Every structure is written in C-alpha cells, then in structure tokens.
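Which chain is which? The protein sequence lines are W and E, in order.
Counting from 1, position 77 in the first sequence corresponds to residue 77 in this note's numbering; the numbering is continuous, with no gaps.
Counting from 1, position 43 in the second sequence corresponds to residue 43 in this note's numbering; the numbering is continuous, with no gaps.
These are computed hints drawn from the structure, not numbers from a lab.
Small disclaimer: the values here were computed from a predicted structure and weren't measured.
Misleading hints may appear alongside valid ones.
No copy labels: a pair is met if it fits in one copy or bridges any two.
[To be verified] Derived SDA-like pairs (lysine to any residue); straight-line CA-CA distance at most 25 Å:
| # | residue 1 | residue 2 |
| --- | --- | --- |
| 1 | 226 | 102 |
| 2 | 176 | 159 |
| 3 | 226 | 245 |
| 4 | 226 | 189 |
| 5 | 191 | 96 |
| 6 | 16 | 62 |
| 7 | 45 | 61 |
| 8 | 229 | 100 |
| 9 | 31 | 205 |
| 10 | 97 | 229 |
| 11 | 31 | 207 |
| 12 | 79 | 167 |
| 13 | 4 | 106 |
| 14 | 191 | 226 |
| 15 | 31 | 226 |
| 16 | 105 | 229 |
| 17 | 229 | 103 |
| 18 | 149 | 9 |
| 19 | 8 | 59 |
| 20 | 8 | 247 |
| 21 | 179 | 62 |
| 22 | 149 | 228 |
| 23 | 31 | 206 |
| 24 | 31 | 42 |
There are 2 protein chains.
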Amino acid sequence: MFSKSTIKYIQSLQHKKFRDEYNVFVAEGPKLVTELLLSNDFSVKAVFALQSWVDGLDAAIVASMQPCLTIIKDFELEKIAHYTTANNVVAVFGKRKPVSSISCKNKTTLVLDDIQDPGNFGTIIRTADWFGIENIICSANTVDMYNPKVVQSTMASLGRVNVVYTDILQWLQENKGIKKFAATLNGKPLKEMSSTKECIIIIGNESKGISKDVIESADEKITIPKLGKAESLNAAVAAAIILYAVSN
Amino acid sequence: MFSKSTIKYIQSLQHKKFRDEYNVFVAEGPKLVTELLLSNDFSVKAVFALQSWVDGLDAAIVASMQPCLTIIKDFELEKIAHYTTANNVVAVFGKRKPVSSISCKNKTTLVLDDIQDPGNFGTIIRTADWFGIENIICSANTVDMYNPKVVQSTMASLGRVNVVYTDILQWLQENKGIKKFAATLNGKPLKEMSSTKECIIIIGNESKGISKDVIESADEKITIPKLGKAESLNAAVAAAIILYAVSN
Chain W
1 MFSKSTIKYI QSLQHKKFRD EYNVFVAEGP KLVTELLLSN DFSVKAVFAL QSWVDGLDAA
61 IVASMQPCLT IIKDFELEKI AHYTTANNVV AVFGKRKPVS SISCKNKTTL VLDDIQDPGN
121 FGTIIRTADW FGIENIICSA NTVDMYNPKV VQSTMASLGR VNVVYTDILQ WLQENKGIKK
181 FAATLNGKPL KEMSSTKECI IIIGNESKGI SKDVIESADE KITIPKLGKA ESLNAAVAAA
241 IILYAVSN
Chain E
1 MFSKSTIKYI QSLQHKKFRD EYNVFVAEGP KLVTELLLSN DFSVKAVFAL QSWVDGLDAA
61 IVASMQPCLT IIKDFELEKI AHYTTANNVV AVFGKRKPVS SISCKNKTTL VLDDIQDPGN
121 FGTIIRTADW FGIENIICSA NTVDMYNPKV VQSTMASLGR VNVVYTDILQ WLQENKGIKK
181 FAATLNGKPL KEMSSTKECI IIIGNESKGI SKDVIESADE KITIPKLGKA ESLNAAVAAA
241 IILYAVSN
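Chain W on its own, in the form it takes in the complex:
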C-alpha cells in the first residue's frame, strides 16, 4: 500500500539533515503516536498503521489521523519501524516553530551544555515536563530534539517544553539577574544550594561535564553528594535530582 519512495522518505528522517529539510520528524508506537495526535502540539503529516490496531481505536483518534492515514501490512511496517516496542504505527509530524525568545522570570530554566545521548535528552525533556519546567536552553552541539530516540524517550512531553538551541555562553551572559547553578562533581552539596524558584540550572556533557567558560559564568557550583563509589551520575539522573531539589 505504499511506495519505495515513501519508505525511503521515512528512513531518511532518521537523519537530521532530512528532518531539517522537510521540517518534520518521526514518532513510533501506539502510546506515543496517539498522545501526540491528541495533544495537538504538532501537526500530523502521515500515519502508517496496521488495520488491526486502527480497528481498536476510539473514533476521535482515528478522526485526528485523517486525511493522513495509510493502512499498511506487517512486512511494510517492518521496513519503516526502528523500535521493537513500536509495532502497529509509525507517524510523521511537522516540527513546531521554535520560540524566538523566552523569559526566565519567576521560573526555573534548564541549560544543557552539549548533551549527546538522545535517550538522556529525551528523559530530561520528560522530567522537565513533570516538574513544570517551561524552557530548556541547549548549546548548538546538543543532540537534535527531533532525533527519533529523543522523541521516543520524551513520552509525548516534547510539545510541552520549549527547546531553544543557541550560544549558551552568550545567553547566560544576557540573563544577568538570574542566579545560575552549575552541576559539577566538586560544588556545594545540593541541599545547601541557595535556590529560589527563579534560577538557571546548568547540566553538562555526559563525559566532559560543563565547559570551562560556562562554569565560570555560573554563580554557584552544586553537587549531589556521593555516598558510594560510582564515578559519576547519568546526566538525566543528575538533572532530575536537581529539579526535584529546586522544586521541593
């Protein structure tokens, strides 16, 4: 029911270059696709699904797929799906227009310095959404928010958090009045952090941490106290613990 060129098109969306060119991204699996459809955060461009799955859906969800729904066979799905948990459906959505400017007033803002692992980034977006964080500011080298693994790990939080890619050093310098905390391995214990709700939390790259210039632009270095022997914490875990500490 679909052509070789369609398969090629969907496969091409694994690459940032083509996601940027077509201004779309891919989501897979019943839970994620239906949540994105119902959220109205993104415009649906195409849905490729098994008849057996569509038959069991609420009418409202089926309606939200029209006129973009194509029924395909198992063997066709296999050609475009990348996750074993993602059976039944693969969908293409339009990207959102990036927000041009964000305010840090009266809220906590997350800054990411070169997060590379898509699973980590997706989990950070999901966790930020849990804690009501509105904005995540990313260095230009942070992994693409529309990378398929990022999209899968966000669990539909993707549309509820603004993600801005920029020169974070310059951005931090522009936001002078807001207290900035850098998550490092040699800072003040997290619970002694002089936080208010209005602050900026900086999380670094998985292996290199936060770059020197960026650390220097922070007001305080903070650390999650280590009681055992692990060398470090996963970046998404560190971000989550700090967001919990700031909001409680």
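Once you've looked at the hints, dock chain E against the given chain W.
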C-alpha cells in the same frame, strides 16, 4: 587473528541463555573494560582489542589482561562490537557468584518489580552505587543484570552492588521489621515520607508500575510531586530522586 567460532561465541553472549550456560558476560569500550579490569570485581576471560589502543595503555592495565589478550583488526572488531562508542575493545568477564543472603539492617535497600528496560536497570545500578546502596532485590522477571545494555549503562558499578533475583513478594514478607515504601503515582509526597536510613524502596515496571500484591505489602505509598504535565517519570529517574531524598 580470531576464528569464526570465536565470533559466534561472542555474538551468542547477547542472549541470556548462553551467558548463563557459559557463566560469562560481555563489556565493550575502553572506559568500561579498563574499569572492570582494574576493579577486580570480575575475572577476565578474554579481551579482543586493537593494537593502537593497547599501545597507549598503562603497563598495569595491559598486565591485567594477560594471558587473555588477543589483538584484532578493525574489521574483526566490527563483527563482535555492538556499540559505536565501543571502539577499540570487547572483553568477556566471568559472572560473580550471586550472594546467597543479604541483610537490610541499618541500610537502604532497593526492590525492583519487573524493570524491563536494560538502560533503566543499568542506570539504577549506577545510581545505587553513587548513593552507597549495597543491595538490589529484583523480581524474577526483571531484565538480566548481565544483558549487554545493562552492563554498558552501569559504567562499572556492576561489581559494587549486589543484585539478587528472587520472589520479591515472599522476600518482602520475610523482612517484616523494615519499613517499606512503594513508589506510586498516588502516594504521600516524597518529602513527607517517614524515612529512616533503614528502609526498603520499591520501584515498579516502566508501564505497569508495581504489582498489586507488592504494593499491598508496603507500609507507605510515596510520590514525587508533579508540577507539570508529564504522565509519569522514567523508572530510573524516579528511583534516583527517591534515593537522593532518603539519603539527604
């Protein structure tokens, strides 16, 4: 420099059946392999590495690989490596003898009810190691601790935390005197939890949560307060926030 049967052997270790049969597991990449070698937590059985990488190592690390080191070529490494970040080396280690019984006295113990995602489980082990948790008790259906993705995500914490697979319902009933907290979406806010260092924290399956019987055996249900809109938190993130709250 190595045979087809060696390639087949290493590839077979992607499957639990063969890891159990040979009582070994695979680790990939310079950082993980050298940390496991130096930790002495596991006996090394075989190391397959590129000459260029071995040339740059400390003599002590090279010595720790002997007599198990085989130098291989790039194209050979490609046949046995599963991670793009895992260039340079693939190693086989012997599993540890499982601990027969553990004590929950004067410490925090983590119980996992059917965690399925290997990345989540590895991250939980790494986080437990950071917070000095000695023991993790897992339901029989929890993903195998020697699954290659678990091993990679633990970042060498694997040897420093005891992982016990058992009937957790029975185990919880046997540990009567210790206060048990179940992480759920409808419990008491985490910061109001009546915790002491001596307690048991129960984390549930990624999609189904904690099974009904297990929840009923807990003393208190606890929840990480939600301020935004995400439906849930990642299981490893939830475990990390609770371990932080208990230990601070």
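Verification of the supplied hints:
1. 226 to 102: Between copies, since 23 Å is at most 25 Å while 34 Å is not.
2. 176 to 159: This pair counts as neither: shortest intra-copy Cα distance 28 Å, inter-copy 45 Å.
3. 226 to 245: both (15 Å within a copy, 13 Å between copies)
4. 226 to 189: both (10 Å within a copy, 24 Å between copies)
5. 191 to 96: Answer is neither; intra-copy 37 Å and inter-copy 37 Å both fail.
6. 16 to 62: neither (29 Å within a copy, 40 Å between copies)
7. 45 to 61: within (15 Å within a copy, 54 Å between copies)
8. 229 to 100: between (43 Å within a copy, 23 Å between copies)
9. 31 to 205: Between copies, since 16 Å is at most 25 Å while 30 Å is not.
10. 97 to 229: between (44 Å within a copy, 21 Å between copies)
11. 31 to 207: Answer is between: at 11 Å across copies they meet the 25 Å cutoff, but 32 Å inside does not.
12. 79 to 167: So residue 79 and residue 167 fail the 25 Å test inside a copy (38 Å) and across (40 Å) alike.
13. 4 to 106: Classified as neither; 51 Å inside a copy, 62 Å across copies.
14. 191 to 226: The answer is both: 13 Å in one copy and 20 Å across copies each meet 25 Å.
15. 31 to 226: between (36 Å within a copy, 20 Å between copies)
16. 105 to 229: between (38 Å within a copy, 20 Å between copies)
17. 229 to 103: So residue 229 and residue 103 pass the 25 Å test across copies only (20 Å; inside, 39 Å).
18. 149 to 9: within (18 Å within a copy, 30 Å between copies)
19. 8 to 59: The answer is neither: 30 Å in one copy and 49 Å across copies each exceed 25 Å.
20. 8 to 247: Neither: 45 Å inside a chain and 51 Å across chains, both beyond 25 Å.
21. 179 to 62: neither (47 Å within a copy, 47 Å between copies)
22. 149 to 228: between (31 Å within a copy, 22 Å between copies)
23. 31 to 206: Result: close only across copies, 13 Å inter versus 29 Å intra.
24. 31 to 42: within (15 Å within a copy, 40 Å between copies)
Hints 2, 5, 6, 12, 13, 19, 20 and 21, counting from the list given before, are not met by this structure.
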